[in-house]
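Read top to bottom, the protein sequences are chains A and B.
With numbering that gives the first Met the number 0, the residue at position 333 of the first sequence is 332, and numbering never jumps.
With numbering that gives the first Met the number 0, the residue at position 37 of the second sequence is 36, and numbering never jumps.
These are computed hints drawn from the structure, not numbers from a lab.
Remember, predicted model here, so these are calculated numbers, not experimental data.
Any given hint could be a false lead.
[To be verified] Derived coverage of chain B by chain A (criterion: at least 3 residues anywhere in the stretch with Cβ under 8 Å from a Cβ of chain A; other residues may be distant): (1) 26–35; (2) 67–80.
[Unchecked claim] Some chain B residues well away from chain A (every beta-carbon gap over 10 Å; in silico): (3) 0; (4) 1; (5) 2; (6) 8; (7) 10; (8) 11; (9) 14; (10) 19; (11) 54; (12) 61; (13) 92; (14) 94; (15) 98; (16) 103.
[Said to hold, decoys possible] Facing chain A, from chain B, some residues (calculated, C-beta under 7 Å): (17) 38; (18) 40; (19) 44.
Heads up, the beta-carbon is just placed ideally off N, CA and C, and yes, glycines get one too.
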Amino acid sequence: MNQAGVVIVGSGQGGYQVAASLRDDGYQGPVVLVGEEPGLPYQRPPLSKGFLAGKTPVEELALRPESFYPGRDIALLSSQRVMHIDRATRRVALAGGRELPYGHLVLATGTRPRLLLVPGAELDNVVPLRSCADAQAIHARLQTARHVVVIGAGFIGLEVAVVARAMGCEVHVIEFADRALKRAVSKEVGGFLVEAQAQRGVVFSFSTGVASLAGDGGKVAAVLTYTGRTIPADLVVIGVGVEPNIELARGAGLAVDDGIVVNAQLLTSDPAISAIGDCARFPADYSPVPVRLESVQNAVDQARCVSARLAGKSAPDTRYDKLPWFWSDQGEYRLQIAGVSAADDDAVVRGDMSQGKFSVLRFRGERLTAVESINSAADHMAARKLLAEGTSVSRSQAADVSQKLAALARPS
Amino acid sequence: MPQITYVQPDGERRSIPVAPGATVMLTAVANNVPGIVAECGGAAMCATCHVYVDEQSQALLPPVSEVENEMLESAASGRRENSRLGCQIAMPDGVEEIVVHIPSTQN
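The following block holds chain A by itself, in its conformation from the complex (with noise of 0.2 Å):
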């Protein structure tokens, strides 16, 4: 295996992060990087945040300088598509026609976003967020942009409104569910985030599908709902979810489902292929069914699991076993969630949210599933630990403030 070496295809945080470990790991075959974007390998966080709003200059984006790969024999192919594995001779072909040949192969192919299938959806001034070239696209038009119209109240939504809103335009998102973010957090951290944004003057319709978009020379010019509104719009941001990159992984043969299925260590129904990150489907004991979750912390420690068993630093039966955690950044609120929870969970409320500073637990019976603080570093990080040991905590001391949630944890 050593001499075929780790092929990663798609040179996104997780993909990074698998070539950057292994050599941590002592790893010492070849590793290659194959990347379909230009450029080095960077973070997708601030592209609706800080580099949506010209406050991040491009450079800082990448997640580590060009010197850093030849200086870790670490082989990146940028602006390469693969198109074709052969799970019987080991080797994955590029666009090119170039063939890789490899001994382990892990997929780190990320996700695209949904699109709106809907009548003017190929307008000019529809655009989604997903690479650096969509957010630096967004950017140059929300200069001029006057009505600014955002599909999807999830997170992406709702940071592009935040940076929409303070450049000056006038906003207004549009969600087909009865409320922000539900697939993520408890009623009342999506209600205060929304209430936040209002009082700056953007406008929510919820339980509102978009029919159709209306042009104007070739531009987009206004969406209209379902429920028969017409609102204008010059620049309309798709923020409607994303799909997992998954056609390389069925064209080989591999189990697919809505994300590549693995098992409990990362590996896919063929042990010469791991997958990770965005487009990874697999067991998790906090949930009844295997589980699929898009940010930065699964893609990081999914690949340095991957690469320990790469590297022979970890048992082959090593189970990925990472407590999920999230983060947005909205305005003056930081959103830090520790924990997965499922949409009927409770909600304890921790603090005064009219303070912007508190946290809200979720509980599914008298276990704690979640945590999701606002402005509140320090009962994240608490509720990390509390999650990850599985400490036992009741609702009476969820909403103890005269009690740090730290001194719950075991101590270390």
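Following the hints, complete the assembly by docking chain B onto the known chain A.
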């Protein structure tokens, strides 16, 4: 030119010239200094750019913010009185050198 000096857990020192305003985290990442993970990219969300600031450098830096203070509480290598997040400390104007010690682990 002002510089940031990084001291690895094994005592190895490396000094990197910087312009005022450069952060300890970004400078380390841009120059391949090991031991600064910076998982969140500088948003003070992950506490994996934790450093121990040398005694003489401490007074040169602005105070710890509330967010930084709360994140440091859970730093993997244990908080000390000279703990800072590398993403939150920038080279101040008129300072010639700051020295930071990199902890043995960040996660």
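Cross-check of the supplied hints:
1. Given a C-beta distance limit of less than 8 Å, the hint that chain A covers the segment 26–35 of chain B holds, as 4 residues qualify and 3 suffice.
2. Coverage of the segment 67–80 of chain B by chain A holds. Counting CB-CB distances below 8 Å, 4 residues qualify, and the rule asks for three or more.
3. In this structure residue 0 (chain B) is separated from chain A by more than 10 Å, as the shortest Cβ-Cβ distance comes to about 19 Å.
4. The beta carbon of residue 1 (chain B) sits about 20 Å from the closest Cβ of chain A, which is more than 10 Å, so the claim that it is off the interface holds.
5. Non-interface status of residue 2 (chain B) relative to chain A is upheld: no Cβ of that chain comes within 10 Å, the nearest being about 18 Å off.
6. Chain A leaves residue 8 (chain B) outside its interface by the beta-carbon criterion, the shortest separation being 14 Å against a cut-off of 10 Å.
7. At roughly 20 Å, the least C-beta separation between residue 10 (chain B) and chain A is larger than 10 Å, which holds for a residue marked as non-interface.
8. Against chain A, the non-interface label of residue 11 (chain B) holds: every CB pair exceeds 10 Å, the least being about 16 Å.
9. Against the 10 Å criterion, residue 14 (chain B) stays outside the reach of chain A, whose nearest CB is about 18 Å from its own CB.
10. Residue 19 (chain B), annotated as away from the interface, keeps every beta carbon of chain A farther than 10 Å; the closest lies near 16 Å.
11. Interface exclusion of residue 54 (chain B) from chain A stands, the closest Cβ pair being 26 Å apart, more than 10 Å.
12. Even its closest Cβ contact with chain A, about 18 Å, leaves residue 61 (chain B) beyond 10 Å, as expected for a residue assigned away from the interface.
13. Listed as a non-interface residue, residue 92 (chain B) keeps its Cβ farther than 10 Å from every Cβ of chain A; the least gap is roughly 20 Å.
14. Distance to chain A confirms residue 94 (chain B) as a non-interface residue, since its nearest Cβ pair spans about 22 Å, more than 10 Å.
15. Residue 98 (chain B), annotated as away from the interface, keeps every beta carbon of chain A farther than 10 Å; the closest lies near 23 Å.
16. Against chain A, the non-interface label of residue 103 (chain B) holds: every CB pair exceeds 10 Å, the least being about 14 Å.
17. The beta carbon of residue 38 (chain B) comes within 6 Å of a beta carbon in chain A, closer than 7 Å, and the hint placing it at the interface holds.
18. Interface restraint check for residue 40 (chain B): the shortest CB-CB distance to chain A comes to about 4 Å, inside 7 Å, so the restraint holds.
19. With its C-beta approaching chain A no nearer than about 4 Å, residue 44 (chain B) sits inside the 7 Å limit, and its interface hint holds.
Taken one by one, the earlier hints all hold for this structure without exception.
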